[in-house]
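Novice: Listed below, chain by chain, are the residues.
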Amino acid sequence: MPNSASDAPGSGTGDGAECGPEYDLAVIGAGPAGLAGAVAASELGLSVALLDASGQPGGQYYRHPSPALGATRPEALHHNWPAFADLLRRLAATEVSHLAGHHVWTVVPAADAAGAWDVHAVTGADGDGDRPVRVRARAVLLATGAYERQLPFSGWTLPGVMGAGGAQAMLKSGLVLPGRRVVVAGSGPLLLAVAASLAAAGARVPAVVEASDYLGYARRPGALLSQPDKLVEAAVHGAALLRHRVRLRTRSAVTQVHGSDRVEAVTVSRLDRRWRPVRGSGRRIACEALAVGHGLVPQLELAVGLGCTTRRTVDGTQALALGALQETSVSGVWAAGETGGVGGVQLALTEGELAGLAIAARLRGRAVAGENRRVRELRRRRARLRAFADAMAAVHAPGPGWPQWLDDATEVCRCEEVTAGRIREAVADYGARDARTVKLLTRAGMGWCQGRMCGAAVACLAAPAQAAQPEPPPERRPLAVPLRLGALAALNEPDSPGAAGAGLGPTD
Amino acid sequence: MARDRSPAALVGAATDDAFEITFDGRPVTALPGQSVAAALWAAGILAWRRTRVGGRPRGAFCGIGQCYDCLATVNGRPNRRACLLPARPGDTVTTQEGHGHAELGV
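Protein chains in written order, with UniProt numbering: chain A, 1 to 508; chain B, 1 to 106.
The shape of chain A in the complex, shown without the other chains (with noise of 0.2 Å):
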């Protein structure tokens, strides 16, 4: 498996960025889903290129520390290892490209050969590098994952406040802890995992606060009882979280951080069933450092940049339309895993492999549905997976009163440091009805991380007050990370739309 760019034959063909060859296909993204479908489509015969931000492979789920920390049980910190080691073994055995530390800001139809793509990176740990790379290939299987959904309160931006999923994965990569006493709170089944991985790897966590009720699940059984493993995986947490004496508290949250340069403490407050906080209920709890989430957001940059329609969630996220076999409505490119709408591993899993049978059949002009066992039990196994996720994530969407947690001061665009009282003047003095037009009036969502972090939230404050979830727009973000000019300029292709198209800056 050659590793990086320059390991591959014919790179190096100067149109300013470096160009790589043709391959038959190109997958964004080396979590589960991109690796299941690369390695299932390598093994018929495609040759692939697995482009990944990271320096190593697995995604957010599969985080490890890089070998350089020596750990002999990195599955002590995982679920479902043995399905990624098995992985590994078959990518180390293809000759599929793994281009680590590649970060694709676009994927464009190539100018000059019709039905191929051009999937440009820039490259280094952080995009910082200064090559810029293209890769053209026949077809595009994006998996690019998601990140989280934050929900804003009076003192999330204190440091020792994280992303639950970001706790996990600084614990995952880099062996550390934002303290020794760690609250985690949000709403999800991440919340559990992160709870139970936190505890084993030595921090107290007085408090998991879950602004859902779990009773929630006794309502859809059905959907429950087709999925014993994952009960069973719910089981494993609950029963971690008991051994380290781990409190949940359900239909809670905490609506206010304490303390000046760093968290001290957080006040838990209790919500009734529409999540409005019941006055006079708060409650605090000392901490050191505070894990929180409200699940994930389909990362889509990319697709939407390409066209990909888009279709609403269960939990009020927009996620790619898919057909029967995993691809987008841009014919050519394909999207598996929470691209597709937020599922857990097992999907990304399956919808991977499903992907990678349907390109390989594609690009060789045969038909794949129907006859063949592995897609049929594949698709068998993701309506199951899906009817799961959507019975999931109707147990913990967030409920409409959240907003009356938030003050005036309370800051909710991170970047551009945005109050809620600023936000709700746009709407109730300006008449923004919108989360682009309250953008356009206080720069909430136009700072660095680009409404990655405040989107849900303003979308939420800019709707009409009878809208019960806002419809979010979908992502339009031209660049889907940051890049030099220097890296647009040494495309030299003025002609070409991945130059014209892009834009020269985050002025949407």
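If you are wondering where the hints come from, they were derived from the structure by calculation, not from laboratory data. All values derive from a computational prediction rather than experimental measurement. Idealized CB from N, CA, C, for every residue including glycine. Please note that the accuracy of each hint is not assured.
As the list claims (entries may be wrong) - Residues of chain A clear of chain B, computed beta-carbon distances all greater than 12 Å:
no. : residue
1   : His103
2   : Tyr214
3   : Arg273
What the hints assert, rightly or not - Partial chain B-side listing against chain A, Cβ under 8 Å, derived:
no. : residue
4   : Pro7
5   : Thr15
6   : Gly25
7   : Val28
8   : Thr29
9   : Ala47
10  : Val53
11  : Arg56
12  : Gly65
13  : Gly76
Go by the hints and put chain B onto chain A.
Specialist: Frame of chain A, contents of chain B only:
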């Protein structure tokens, strides 16, 4: 037992090649393969940036390169994402003030 639980013990990490970086002039121990943010966390440092408007302290938030809260000045270069950037022996990390380009006068 509970006292010596640690992330390194949990995964059986052999980490005896520690090296030094500095944060605002003070020495910080880092391990090979750790990000700059992880090395700072290990030293109990949670903030290494001050915001542009309010001058408020910030550190790592999303942990996966999406939020840009962890921007730091590393070896004189501002706006490096500390959660993605591997620590290297001798790195000088300094608190990033504002947008990080104050010394350029722009």
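Novice: Take the shortest C-beta to C-beta distance between Thr15/B and chain A; is it under 8 Å?
Specialist: 6 Å, holds
Novice: Is it correct that the beta-carbon of Tyr214/A has no partner in chain B closer than or equal to 12 Å?
Specialist: 26 Å, holds
Novice: Have a go at the Gly76/B hint: is there a Cβ in chain A nearer than 8 Å to its own Cβ?
Specialist: This interface hint is violated because 13 Å lies over the 8 Å limit.
Novice: Beyond 12 Å from every chain B Cβ: check whether that's true for Arg273/A.
Specialist: Its Cβ never comes within 12 Å of chain B, the nearest being 30 Å, so this holds.
Novice: A closest beta-carbon separation below 8 Å is what the hint needs, so does Pro7/B meet it against chain A?
Specialist: Status holds, d = 4 Å.
Novice: Val53/B was flagged as interface toward chain A. Is the shortest Cβ-Cβ separation under 8 Å?
Specialist: Result: holds, 4 Å to nearest chain A Cβ.
Novice: A closest beta-carbon separation below 8 Å is what the hint needs, so does Val28/B meet it against chain A?
Specialist: At about 12 Å, which exceeds the 8 Å cut-off, the nearest Cβ of chain A leaves the hint on Val28/B violated.
Novice: Taking the least C-beta to C-beta distance, is Ala47/B closer than 8 Å to chain A?
Specialist: 4 Å, holds
Novice: Once the shortest beta carbon distance from Gly25/B to chain A is found, is it less than 8 Å?
Specialist: 19 Å, violated
Novice: Does Gly65/B pass the interface check with chain A, least Cβ-Cβ distance below 8 Å?
Specialist: The hint holds - Gly65/B has a Cβ within 8 Å of chain A, the shortest such distance being about 7 Å.
Novice: Holds or violated: the hint that Arg56/B contacts chain A, with Cβ atoms closer than 8 Å.
Specialist: 7 Å, holds
Novice: Per the stated criterion, does the least C-beta distance between His103/A and chain B lie above 12 Å, as a non-interface residue requires?
Specialist: 9 Å, violated
Figure legend: structure checked against the earlier numbered hints; hints not met, in rising order: 1, 6, 7, 8, 13.
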